[in-house]
Amino acid sequence: MIFSFTFEGFHLLYAAIAVFMTVLTSLFTFEYLGHEPHKLRYWFFVALTMLAAVGVFLSDNFMTTFICFEVVSLASYPLVAHEETKEALRAGETYLATAIIGGMVALMGLSLLNNTVGTLDFNTLAAACAACADKNALALASGCLLFGFGAKAGMFPLHIWLPEAHPVAPAPASALLSGILTKVGVYGILATTVLVMTENETWGLWILILGTITMLLGAILALLSVNLKRTLACSSVSQIGFILVGVGMMALLGEENTLAIRGTLLHMVNHSLFKLVLFMAAGAVFMNTRTLDLNKLRGFGRGKPFLMFVYLAGAFGIIGIPGFSGYVSKTLLHESIVEYAHVTGSVFCTVIEWLFLLAGGMTVAYMTKLFVVLFIEKTSAKEKKTLRKRWISPLSRIAFGVPALLIPVLGCSTTLMDRAADLGQGFLGGAVTPDVSYFAIGNLKGAGISITLGAIIYFVFVRGFTMKKRPDGKMVYVNRTSAWLSLENSVYRPLLEKVLPAVLGWIATVFDRFPELFFKVCTETGAFVSRVCDRLRTGW
Amino acid sequence: MAYLYLLPVLLPVLAGILIGIVKPLRKGNQTAWLSVAALAVSLGGVICVACMGLPRLELFTMTPVLTVALRFDELSGLFSVLSNTAWLLVTVYSAAYEAHDERKYQFYAWLLVSAGAMHGLFCSENLVTMYLFFEMVTLLSMPLILQGCTRESVAAALKYLFYSIAGAFLGLLGIFYIYRVASVTPVFTAGGIALDLTGRENIFLVVVFLTLIGFCTKAGMFPMHGWLPTAHAVAPAPVSALLSGVITKAGVYCVIRILYYTVGAEPLRGTWVQYAFLALTLITIFMGSMMAYKEKVWKKRLAYSTVSQVSYVLLGLGLLNPIALIGALLHVVFHSVSKNTISLTAGAVIYDTGRTRVDELRGIGREMPITLWCFTLASVTLIGIPPTSAFLSKWYLAEGALASGTGILTWLAPVILLVSALLTAAYLLPTSVDGFFPGKNMPAVRRRHEDMRMVLPMVIFTAAAVGIGIWVTPLLQYIERITGAVLS
Numbered sequence: 019m020i021f022s023f024t025f026e027g028f029h030l031l032y033a034a035i036a037v038f039m040t041v042l043t044s045l046f047t048f049e050y051l052g053h054e055p056h057k058l059r060y061w062f063f064v065a066l067t068m069l070a071a072v073g074v075f076l077s078d079n080f081m082t083t084f085i086c087f088e089v090v091s092l093a094s095y096p097l098v099a100h101e102e103t104k105e106a107l108r109a110g111e112t113y114l115a116t117a118i119i120g121g122m123v124a125l126m127g128l129s130l131l132n133n134t135v136g137t138l139d140f141n142t143l144a145a146a147c148a149a150c151a152d153k154n155a156l157a158l159a160s161g162c163l164l165f166g167f168g169a170k171a172g173m174f175p176l177h178i179w180l181p182e183a184h185p186v187a188p189a190p191a192s193a194l195l196s197g198i199l200t201k202v203g204v205y206g207i208l209a210t211t212v213l214v215m216t217e218n219e220t221w222g223l224w225i226l227i228l229g230t231i232t233m234l235l236g237a238i239l240a241l242l243s244v245n246l247k248r249t250l251a252c253s254s255v256s257q258i259g260f261i262l263v264g265v266g267m268m269a270l271l272g273e274e275n276t277l278a279i280r281g282t283l284l285h286m287v288n289h290s291l292f293k294l295v296l297f298m299a300a301g302a303v304f305m306n307t308r309t310l311d312l313n314k315l316r317g318f319g320r321g322k323p324f325l326m327f328v329y330l331a332g333a334f335g336i337i338g339i340p341g342f343s344g345y346v347s348k349t350l351l352h353e354s355i356v357e358y359a360h361v362t363g364s365v366f367c368t369v370i371e372w373l374f375l376l377a378g379g380m381t382v383a384y385m386t387k388l389f390v391v392l393f394i395e396k397t398s399a400k401e402k403k404t405l406r407k408r409w410i411s412p413l414s415r416i417a418f419g420v421p422a423l424l425i426p427v428l429g430c431s432t433t434l435m436d437r438a439a440d441l442g443q444g445f446l447g448g449a450v451t452p453d454v455s456y457f458a459i460g461n462l463k464g465a466g467i468s469i470t471l472g473a474i475i476y477f478v479f480v481r482g483f484t485m486k487k488r489p490d491g492k493m494v495y496v497n498r499t500s501a502w503l504s505l506e507n508s509v510y511r512p513l514l515e516k517v518l519p520a521v522l523g524w525i526a527t528v529f530d531r532f533p534e535l536f537f538k539v540c541t542e543t544g545a546f547v548s549r550v551c552d553r554l555r556t557g558w
Numbered sequence: 000m001a002y003l004y005l006l007p008v009l010l011p012v013l014a015g016i017l018i019g020i021v022k023p024l025r026k027g028n029q030t031a032w033l034s035v036a037a038l039a040v041s042l043g044g045v046i047c048v049a050c051m052g053l054p055r056l057e058l059f060t061m062t063p064v065l066t067v068a069l070r071f072d073e074l075s076g077l078f079s080v081l082s083n084t085a086w087l088l089v090t091v092y093s094a095a096y097e098a099h100d101e102r103k104y105q106f107y108a109w110l111l112v113s114a115g116a117m118h119g120l121f122c123s124e125n126l127v128t129m130y131l132f133f134e135m136v137t138l139l140s141m142p143l144i145l146q147g148c149t150r151e152s153v154a155a156a157l158k159y160l161f162y163s164i165a166g167a168f169l170g171l172l173g174i175f176y177i178y179r180v181a182s183v184t185p186v187f188t189a190g191g192i193a194l195d196l197t198g199r200e201n202i203f204l205v206v207v208f209l210t211l212i213g214f215c216t217k218a219g220m221f222p223m224h225g226w227l228p229t230a231h232a233v234a235p236a237p238v239s240a241l242l243s244g245v246i247t248k249a250g251v252y253c254v255i256r257i258l259y260y261t262v263g264a265e266p267l268r269g270t271w272v273q274y275a276f277l278a279l280t281l282i283t284i285f286m287g288s289m290m291a292y293k294e295k296v297w298k299k300r301l302a303y304s305t306v307s308q309v310s311y312v313l314l315g316l317g318l319l320n321p322i323a324l325i326g327a328l329l330h331v332v333f334h335s336v337s338k339n340t341i342s343l344t345a346g347a348v349i350y351d352t353g354r355t356r357v358d359e360l361r362g363i364g365r366e367m368p369i370t371l372w373c374f375t376l377a378s379v380t381l382i383g384i385p386p387t388s389a390f391l392s393k394w395y396l397a398e399g400a401l402a403s404g405t406g407i408l409t410w411l412a413p414v415i416l417l418v419s420a421l422l423t424a425a426y427l428l429p430t431s432v433d434g435f436f437p438g439k440n441m442p443a444v445r446r447r448h449e450d451m452r453m454v455l456p457m458v459i460f461t462a463a464a465v466g467i468g469i470w471v472t473p474l475l476q477y478i479e480r481i482t483g484a485v486l487s
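Quick note, the sequences are listed as chains B and V, same order. Converting from the first sequence to our numbering requires adding 18 to each position, the first position being numbered 1. One point on numbering: in our numbering, the residue at position 466 of the second sequence is 465, and numbering is uninterrupted.
Keep in mind the hints are simulated off the structure, nothing from the lab. Careful, some of the hints might be misleading.
[Stated by the list, open to error] Listed below are the simulated BS3-like cross-link pairs for lysine-lysine, each with C-alpha atoms no more than 27 Å apart in a straight line:
1. V:158 / B:538
2. B:538 / V:293
3. B:104 / V:439
4. V:293 / B:104
5. B:396 / B:486
6. V:295 / B:538
[Said to hold, decoys possible] Chain B residues, not near chain V, derived (Cβ > 10 Å throughout):
7. 41
8. 69
9. 140
10. 175
11. 273
12. 339
13. 478
14. 485
15. 486
Ideal Cβ positions, reconstructed from N, Cα and C, are used throughout, including at glycine.
This is chain B alone, in the form it adopts within the complex (with noise of 0.2 Å):
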């Protein structure tokens, strides 16, 4: 088996990002663990992430990628399950399921793959695809390489695993499930769309339409959830079809597709930095009050300058204020869009224009929501409870402060930014750098539109539909979700668990047993024969 690795530009960037990661969250895991049981194991299997993570960032041959791609799959599963809860248990299920079915469909993928154009190298398979006349095959591997790696990045109708995972997962692994988990997946769909389906409209379409669905879809997830973590995780779902979309521009707009190649690689970048740094927010919270119940942490972060400074940075970059560096990336994305829009002058662009400023509204929506649950409304007396004398130890301290820094470090310099940027045009092509003059009116509208929908959702939506008065006439979230409105739950768990195994069971029942059925049917046959030969003789 040969591995192959490079060390150039994005792929050294996004190697860098994950150790980054993996080092912060460590600093906040002595913390967070303290005392509880099974820390080997848990710092074993981080470990063994972080490394093929690696690997599969600085891959340079598909084959490198799926087997690094793999152990990130199996060695992330006892992060998940840690916690050993049954609501753990059975979201480890969801995620172990999605990531064999995926692996395993990603891996027919390559194997057709390797079988139509005869490489998997990075280096010769741009040449190759072109030059393939079997474009069917081509289509039919690289929708196989989308199933197995959208199932990791949190692709509608695959991102079922994430709203249930990160939630239960101890909260410095949920930082990585989302920071670099999550890209892992999304490499794999960047270096597919790069190197097999390049500059293919078709392809682009695809997925951009499910890249749209995802950002919506979790984007009105988040905004539904009562859960603290589990609101950050629908957002990681929502920011993931953010990036797709930037995927799908990529291969729509061909040669001019410098901005959104810049926007995707930038918005890869800045949602691991904000989810870093919101994931371990969410762990202090959790830390301290035992609970992610949204009711019942109300007002934790009052007088806490050090968490709201933190939340803030995190929240403030992830919905685009300019000046934090999620206003770039954002930004470059919306400019790719309205790019598309300009040159094909369709309808359709500008509703997903339209589209992609409303899931940029619910971002604020859900993100202000969150801010007045930790830092405005208040808990009654009772419902209040500190179990610990300080809430954060000064290590932890420094694992938080880092990232929430930086985000409006990078956001200010956007030459550093540019920098990053320009990092990755070696691996997903694009032409000279662009200018862009990020705060340049027409770019800051977005960001106002954005901002405007914003509060108008919180206001009516979420004050209006997801709150109720209590008797005592306290205003409480409720859960306005049922179970039966999940994927998982109406489909995929009925399917895979009941259906499949029924009809599938019962023909391989069928034909285990059959040659010894029809070994009795002809001894007994033989028989009755033999039984009425002999009646015929002795009667006759």
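Keeping the supplied structure of chain B fixed, place chain V upon it in accordance with the hints.
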């Protein structure tokens, strides 16, 4: 020097007979260590034979055409080193597993005798020799299934005998026919021997098909797979390991000798025989995995898994192309090591805890961590998740199927491989997951003492299952030499 061939055949047989008849040898655990010593020496012999490149050794002549002779080629080397190593390690394991069995001398006697017969089979030079040793393996391994001496084990042993003899007779039919149509005295030749088929192509195909089905009985292929789940469930764990890991490969070996060393790939390529054979293997792959998924008795589940996995090998053989053949031969090795591990770990758990159903294994990872780690890694191997070894064989099999040009099967075969891999994950991984993650409400359990004699073979097999995947080049080159000779 050619008499060195006889060392790995005769030494275990003699040692077995000795253990069987000399009473003073039966004290304590002597029999076990005597068997281990005999098998270690015979493994040394096999390696010597493999390295020395000896000429053929004619044992005796029945008629001028029918000679019983041994010869060692690369294929023999692959199978015989594999089988002897497995046998040796399983015997070490048995030293613990059978320690308290009163009739363990019988067990070791039959174990040794069948090891000798296996080696003879893998060194056979022509069809008659192969048939002779094939029958010997059947008859001599049957008492191993009988070891439990219960009503079920007698029934299972009889079933094994019935299926095997029926299969062997189908094989014999083919052997008769091939002796009749062969232009020269049939001796295994890479790429097939010259056959005079003019005017009898159709009957020839029917006979080849029946022969293949006959020998595939040992490999547990549908519709002759019925003996396997029954026999595995009642046999002692070491015997289940050998049945799954090695004895089924005797059937595979015979199929290779028939397909690639006697008939040759060309007369069969694109005929109905190839398609029917492939269809049967695909049915078996799917059926085995699905039945394993449904089965809740651990050993039976593993038996159905064997049914499925050995047919991966047969699929690779039936595709008649070099890539698939590499995949098949790799899978012989990889399935053997991983299934040996899995059977042995299951045996250790059953031996220590008495739990035989998969739903009783919650928290077993806390009780027997090394054992369950071995089980988990071997399971990951068997599913085919990289970088473990069986991933490679499945990759070659899928690539071989895609390149085979067999019509609908070109894509159906990879799809079935995929479904089967998912089912494999579904029937193996829950055991590990429940074992290591029993849940919060699981009461604390004491860690059990894991016997070194059991742990060592498991760990060696596991290391091989995972490790060969990473350092595969020497094995791959060896196998490419075989496939290069038989399929040009």
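* In terms of Cβ atoms, is chain V entirely out of 10 Å range of residue 273 of chain B? -> Answer for residue 273 of chain B: holds, closest chain V Cβ roughly 33 Å.
* Non-interface claim for residue 69 of chain B versus chain V (Cβ beyond 10 Å) -> 12 Å, holds
* To do: Say whether it holds or is violated: residue 485 of chain B keeps its Cβ farther than 10 Å from all Cβ of chain V.
  => The claim stands: residue 485 of chain B keeps its Cβ more than 10 Å from every Cβ of chain V (closest is about 32 Å).
* Asked: Within a Cα-Cα threshold of 27 Å, do residue 158 of chain V and residue 538 of chain B meet the stated pairing?
  -> 14 Å, holds
* Nearest-CB test (10 Å) between chain V and residue 339 of chain B -> 41 Å, holds
* Asked: Minimum Cβ separation between residue 175 of chain B and chain V greater than 10 Å?
  -> 18 Å, holds
* To do: Mind verifying the non-interface call on residue 478 of chain B? Its CB should be farther than 10 Å from each CB in chain V.
  => 41 Å, holds
* Asked: residue 396 of chain B and residue 486 of chain B: Cα distance at most 27 Å?
  -> 16 Å, holds
* Straight-line Cα separation of residue 293 of chain V and residue 104 of chain B no greater than 27 Å? -> 24 Å, holds
* **Distance rule for residue 41 of chain B, whose beta carbon must clear each one in chain V by more than 10 Å** => 25 Å, holds
* **27 Å limit on alpha-carbon distance, applied to hinted pair residue 295 of chain V and residue 538 of chain B** => 26 Å, holds
* **Nearest-CB test (10 Å) between chain V and residue 140 of chain B** => 18 Å, holds
No hint from the list above goes unmet by this structure.
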